[in-house]
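A.B. asks: Each chain is listed here by its residues.
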Amino acid sequence: MSKLLTSFDNAIERIEDGATIIVGGFGLSGIPEKLIIALRNKGVKDLTIVSNNCGVDDWGLGLLLENKQIKKMIASYVGENKLFEQQFLSGELEVELVPQGTLAERLRAGGAGIPAFYTATGVGTEVAKGKEHKEFDGRTYIMEKGIVGDFAFVKAWKADHFGNLVYRKTARNFNPVVATAGKVTLVEVEELVGIGELDPDDIHTSGVYVQKVLVGNDYEKRIEKLTTANA
Amino acid sequence: MSKLLTSFDNAIERIEDGATIIVGGFGLSGIPEKLIIALRNKGVKDLTIVSNNCGVDDWGLGLLLENKQIKKMIASYVGENKLFEQQFLSGELEVELVPQGTLAERLRAGGAGIPAFYTATGVGTEVAKGKEHKEFDGRTYIMEKGIVGDFAFVKAWKADHFGNLVYRKTARNFNPVVATAGKVTLVEVEELVGIGELDPDDIHTSGVYVQKVLVGNDYEKRIEKLTTANA
Amino acid sequence: MKRQQILERAVKEIQDGMCVNLGIGMPTLIANMIPNDFNVMLQSENGLLGIGPYPQKDEVDPDLINAGKETVTAKAGASFFDSAESFAMIRGGHIDLAILGGMEVSENGDLANWMIPGKMVKGMGGAMDLVQGAKRIVVIMDHVNKHGESKVKKNCSLPLTGEKVVHCLITELAVFQFTEAGMELLELQNGVTLDEVKSKTEAEFTISPSIEIRA
Amino acid sequence: MKRQQILERAVKEIQDGMCVNLGIGMPTLIANMIPNDFNVMLQSENGLLGIGPYPQKDEVDPDLINAGKETVTAKAGASFFDSAESFAMIRGGHIDLAILGGMEVSENGDLANWMIPGKMVKGMGGAMDLVQGAKRIVVIMDHVNKHGESKVKKNCSLPLTGEKVVHCLITELAVFQFTEAGMELLELQNGVTLDEVKSKTEAEFTISPSIEIRA
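Chains as they are written, first to last, in this note's numbering: chain A, 1 to 231; chain B, 1001 to 1231; chain C, 2001 to 2215; chain D, 3001 to 3215.
One chain only, chain A, in its complex shape (with noise of 0.2 Å):
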């Protein structure tokens, strides 16, 4: 019963036009690389991709960006990315702009089969418009819905052949949530181990959210802002 996959096309083989994917990552860091681009290389259109932010024009889920693959991206934050501007003020791409810490709720609450909760965040601005107000204890919040996505991308450090995962430093970001929160969640890492292996106590997600295991090699890992101590 080893959730292992050799092929990422096969991973991504059940995914079709109009889609909603889960992403994994915060900027750049902890992006699962390799489904992003044999997503980009199966070409499905009209995707709803639900992630912290949208890449940069030629890497990350930018190249879903250049390849025109995406009807609507549900995002933090999307300034580093010029082609997202110009879809976007084309008409071509759909945007929803979600609070970050809302939106690792939402991904939370959908994976922990809570459909809405309540939230200070946002109340006062745009993002509380057409939302349910409601008051606990003389101060006012927002109602927020759980998001659960077709397909969910995930990248870790290690895995077991079960799906128990560990991430490694910030890059875990997204991640946990993420996972949670697919009806198919995929999981790409750098290293697989035996079952076992992990320690109990240490694994940071369960086998229990993980359908499928692939391990990728050379990661790129892309940095997008390069600061030093002597810079």
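Be aware that a few hints might be false.
[As the list claims (entries may be wrong)] Derived PhoX-like pairs: lysine-lysine, alpha-carbon spacing no greater than 20 Å straight-line:
#1 B/Lys1158 <-> B/Lys1212
#2 B/Lys1134 <-> C/Lys2164
#3 B/Lys1082 <-> C/Lys2119
#4 B/Lys1131 <-> A/Lys134
#5 B/Lys1072 <-> B/Lys1183
#6 C/Lys2122 <-> B/Lys1071
The hints are simulated quantities; they were obtained by calculation from the structure and are not laboratory data.
Once you've looked at the hints, dock chains B, C and D against the given chain A.
C.D. replies: Frame of chain A; chains B, C and D shown alone:
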């Protein structure tokens, strides 16, 4: 700026009659033994205790029952405790039974600034009475509220001086969510380690949630149901 | 004997590769009956996926218990997590199957298994979460109570754990499934007649064609 | 120079032992100014508490960045966590202080800092979460825009990040605090007169007694 205290009595100094205290543990596993004993010794009354269980007659939260310090208990299962039954039937003790998952989520919500969320758990049962009902995608849910306590009592395995925590096996249980839900969170551990000794990828509770850390000796760790392969 | 028949039928609900939650009490006994060549992960709602067998005497660890508070072990590939995460797993529909005990089941799939009015209330624990969250709910229980009265009822008389939540009911007499169309008798246990099931069941149910033919 | 004055005043808001979130851009520069003997944990909302200095060239790690996507290090005592946990920390009131940049602040403490209508929308990132969640919100910005118009306004003209969320505003001219009673001028920056502040501030504000005496 170490958060380390040496006296359990000092740690609970500021707890007064009528306080709400959230307590970690599942059954007798992972309970903050020493903080409970200190609270029993201090003798404050009319406490509201939020904890999955209420100990047994002569151990854990049962010690506070014995000493008649609890006014109200919020729990999911209290079946291991005869004193509980007596005080409940005599009207001394008020009880709010909450489904276990709802209790865990209410504590997480309280700690995460979420005043309320929707869940299907309890729909159509006594738990749903008097609660707001709402339909999402054709399914009915009820609204449950976040819980915040004046104090939180947590048991962890290891801590550093900043209060970063690591738990061991199923002694983790409610402790991480309890840690987030206290205005003042007190933690007892078996072992104190130096700053930087815990791998930052493996910390279960960030020190941001922890106000004070105490080291306990000679943990009793009673077992409720000893079952072995030969039994 | 009666119990064994129920358990043997219940274990057939478990398929290779599933993540399963076994309720406290009788359902826990199913763990030992899962075929050795199956890779099944058992979940314990106090924070463990991958329950192993009971420990040897020298392996007993107070920090490692199941939801019934029994000392257990963890098998290779297991993971530990906190209670909120555990119920996120359950409530988010990530557990394939829960097998739970019952006091009463009604013909529309209501389950009562947590409280008897007049008796001391112990609490629902995680039962209300499990019945709403797990993908499939199988209830195992005796068909009648000690007074011979049917526990498979038109309407539950005891306080509910959940409404329309049972997918499958297994008793020592029969197996039923619950769908939008209502309650259907799927199987008769060995040596049981349709007449016996009919006479001991208060609930109204239809009969699967496969049984009609046998009967 | 102007910027330096703002930053030097802003760093005084940080007390020993605090957990602090510094916004992207100018606020990030405050990190280097925190007294060495202070034990302050800086939070990065992408999942790190305990940001260290920028890395040496051979330490650069693409898996370790801050919320501004710059490569950083983690100091001893740091912890990594996922985005939901990071914002649970922020929204649950566990971060003592956030110091953020601003485009406009109004006299009732509204903040606008994420969007200029007509220009490309980049997104609010974590700003709306921070202003509602952190225990104390300090905004640092220039007092007037490049046309000499006051950015400290009766009402914000730009879309809001949050309503009544600013506790303290620091500009190159002055420091204000916001309470239920309204906006109050607390301090004048070095060499700045009360008249200059009055003339360059559209918002209505009261003046702290300590300043009245000096003036």
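A.B. asks: Confirm or reject each hint.
C.D. replies: Hint check:
The hinted pair formed by B/Lys1158 and B/Lys1212 meets the criterion: a straight-line CA distance of about 13 Å does not exceed 20 Å. Proximity of B/Lys1134 to C/Lys2164 is assessed by CA-CA distance (about 18 Å); at most 20 Å being required, the pair is judged to hold. Between B/Lys1082 and C/Lys2119 the CA atoms are separated by roughly 13 Å; this keeps the pair inside 20 Å, and the hint holds. Restraint check for B/Lys1131 and A/Lys134: the C-alpha separation of about 15 Å stays at or below 20 Å, so the hint holds.
The suggested pairing of B/Lys1072 with B/Lys1183 holds, with an alpha-carbon distance near 19 Å, which does not exceed 20 Å. For the hint pairing C/Lys2122 with B/Lys1071, the CA-to-CA distance comes to about 18 Å; that is within 20 Å, so the pair holds.
Hint violations for this structure: none, all hints satisfied.
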